[in-house]
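Undergrad: So the sequence lines, in the order shown, correspond to chains A and B.
Under my numbering, the first residue of the first sequence carries the number 1, and numbering increases by one thereafter.
Under my numbering, the first residue of the second sequence carries the number 1001, and numbering increases by one thereafter.
Calculated from the structure, these hints are not laboratory results.
Just so you know, not all the hints are guaranteed correct.
Stated by the list, open to error - The calculated label-pair distances, taken between Cβ atoms and stated as ranges, are:
| # | chain 1 | residue 1 | chain 2 | residue 2 | range |
| --- | --- | --- | --- | --- | --- |
| 1 | A | THR107 | B | SER1125 | 44 to 54 Å |
| 2 | B | ASP1271 | A | GLU48 | 48 to 58 Å |
| 3 | A | ARG136 | B | ASP1279 | 50 to 60 Å |
| 4 | B | ASP1129 | A | PRO187 | 39 to 49 Å |
| 5 | A | ARG136 | B | ARG1248 | 43 to 53 Å |
| 6 | B | SER1185 | A | THR107 | 20 to 30 Å |
| 7 | B | GLU1226 | A | SER41 | 22 to 32 Å |
| 8 | B | ARG1216 | A | SER21 | 15 to 25 Å |
| 9 | A | GLY156 | B | PRO1121 | 40 to 50 Å |
| 10 | B | GLY1274 | A | ASP45 | 44 to 54 Å |
| 11 | B | GLN1227 | A | ASN176 | 55 to 65 Å |
| 12 | B | ASP1105 | A | ARG136 | 50 to 60 Å |
| 13 | B | ARG1137 | A | LEU178 | 39 to 49 Å |
| 14 | B | ARG1283 | A | MET40 | 33 to 43 Å |
We put the beta carbon where it would ideally sit given N, CA and C, even for glycine.
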Amino acid sequence: MHGLINKAIQSFIRDSYGMASWLAVAREAGLGFENFEPMMSYDLDVTERTLNAAVTVLGRPRITLMEDMGTYIASHKNTQQVRRLLRFGGVDFNDFLHSLDEMPDRTRLALPELELPELELRQESPGQFVLRCRSRIEGAGHVLLGLLRATADDYGALVYLEHRGTDTGADMISINLLESSFADGQPFDLGARGAR
Amino acid sequence: MGNPLILVRGGRDDARLRRSVGTRIGRGGKPVPAVPFRAGNAYGAVAGPPRSCRKTVHGMKTTSHKAVDLDAASLGRLMPLHLVVAADGTVLSHGPTVGKLFGQDPLIGRPFLDAFSIRRPGDVSGIEDLRTRTGQRLFLVQSGSPHQTFRGLVVPIAASDRLLVNLSFGIGVVEAVSAHHLTDSDFAPTDLAIELLYLVEAKQLIMTELNGLNRRLEGAKNTAEEQALTDTLTGLRNRRALDLAFGRLAGAGTPFALLHIDLDFFKEVNDSLGHAAGDEVLREVARVLTSETRKSDTVARVGGDEFVILYADLAEIGAISRIANRIVERLSKPVRFEDTTCHVSASIGIAVSETYARPDPEQMLADADQALYASKKAGRRQARLFRSDGSMELQGAETGLRVD
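Assemble the whole structure, with the sequences as input and the hints as a guide.
TA: Structure, rendered in structure tokens:
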């Protein structure tokens, strides 16, 4: 698993539950170190152990942690760069949804080693979509759910999102886009690279 | 080329296509290719009026050379950075993004070659020169903003003497977006400018992480190297570090001195007072030796109670002798350890590089060792210098150090 993913898990736990909690998770997972290197590669098992340790140490169900992590990635002040990269997907939430199909390709363009979940968006009727998410990490669909919620907020869109369980190993998320521009949302300045 | 395009976004029939005027559409095909098309027509925009729009999207079938009639809004959406230039060289109209670049300065009626200068090719000075460059790639600069560069293309407008100039920011797009606060809608939906901006930001994020990784690796490497060259008990250099320093000095060709120091009665301290006391003595010796050396010198612990000092750029026997005797004197002072006092002293053997035609580390160490042995044999607590004639000259007469 790419270090960026593991590092994101680490940052999420540290920024949401505090440094002591993260260190406890690292110990519980038997990592043997305190910091993931975002530009190195780790066995999938390491990611799995970290997530399991987080469930044990933080005493929260895995799907809750996963969803919170998705929200964190797309909205926390320490992950502003990721938020910006997501916003490049489209000018409004509808546009953004359609860009999800190409997100893995887009990501590969920037960082060929980074393996993101396979995403497939299907439009069922106007404003009604189903997103299939397939990943080697169990519960990745819940991360996506949190990420979509936060991104919809960021765009100021009114959306109803629901995890619909799994289908042949893929997480199914139903997306009901009620209004693309419901609230003002956060501004996105194409040229504001200073948002680091 | 003859395959009809299937729109993925925006609908399949003409009516829905017409409703998609000005929005971004994608193209699909049956069977759906594993990697969707992302270039050229695949990422299309539809421009009105409807007749020509159909020809644009299903455009590969077009056989007639009939001029395409576009209204200004459609032209502006297709090419937000275009200008229409009259026969006399003045700007007749332009796309919306061009307007943003010039802000309050009205561009209509201004000579095109006054608003922009052509950097390449270099021989375009009038509008007629520009006309001869039809179809070629041009490099332009915005007048008054020498850093705002463009790529451009000039084509004649059919059945008129007007010229259509289309511009692109090229790789300067990143700066242009910041400088003019451009947004997604300032680019044609077919333009890959946004993708370029995305890549630039993604690259920056990755570079930041890589630089961080490099810094951490550099730090870890330095620490590992330091540890590999350090004696952990005393913090002095170890045998490996000594060998490296020896090699450097021998290679440099400047004179240097070697002091081989062995503690007297250290075993007794260790045996009677324990290792902790012995360790404290060794640390105190290290402090003394470090204080008797400069940064450029090397102090190494090479055995249990054996030390070697390399003095760089030091050849004068008198100076070496004074230092050696001072060390003997200072190391003879008792060392406090908890409630007890440890008594040791030091014997020193000295060799200087100038004794040798070509100083060899092994030879110098062996000779210094002989001098050290002579010091021990003569009663310890003294320093002796190895001489080229093989004698072991006692050092210390001039400092008045009493030899026991």
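Undergrad: The structure should be examined with respect to each hint, and the outcome stated for every one.
TA: Do the hints match the structure? See the list:
no.: 1; hint: A:THR107 x B:SER1125: 44 to 54 Å; result: 48 Å, holds
no.: 2; hint: B:ASP1271 x A:GLU48: 48 to 58 Å; result: 55 Å, holds
no.: 3; hint: A:ARG136 x B:ASP1279: 50 to 60 Å; result: 52 Å, holds
no.: 4; hint: B:ASP1129 x A:PRO187: 39 to 49 Å; result: 44 Å, holds
no.: 5; hint: A:ARG136 x B:ARG1248: 43 to 53 Å; result: 52 Å, holds
no.: 6; hint: B:SER1185 x A:THR107: 20 to 30 Å; result: 25 Å, holds
no.: 7; hint: B:GLU1226 x A:SER41: 22 to 32 Å; result: 28 Å, holds
no.: 8; hint: B:ARG1216 x A:SER21: 15 to 25 Å; result: 23 Å, holds
no.: 9; hint: A:GLY156 x B:PRO1121: 40 to 50 Å; result: 48 Å, holds
no.: 10; hint: B:GLY1274 x A:ASP45: 44 to 54 Å; result: 47 Å, holds
no.: 11; hint: B:GLN1227 x A:ASN176: 55 to 65 Å; result: 60 Å, holds
no.: 12; hint: B:ASP1105 x A:ARG136: 50 to 60 Å; result: 57 Å, holds
no.: 13; hint: B:ARG1137 x A:LEU178: 39 to 49 Å; result: 48 Å, holds
no.: 14; hint: B:ARG1283 x A:MET40: 33 to 43 Å; result: 39 Å, holds
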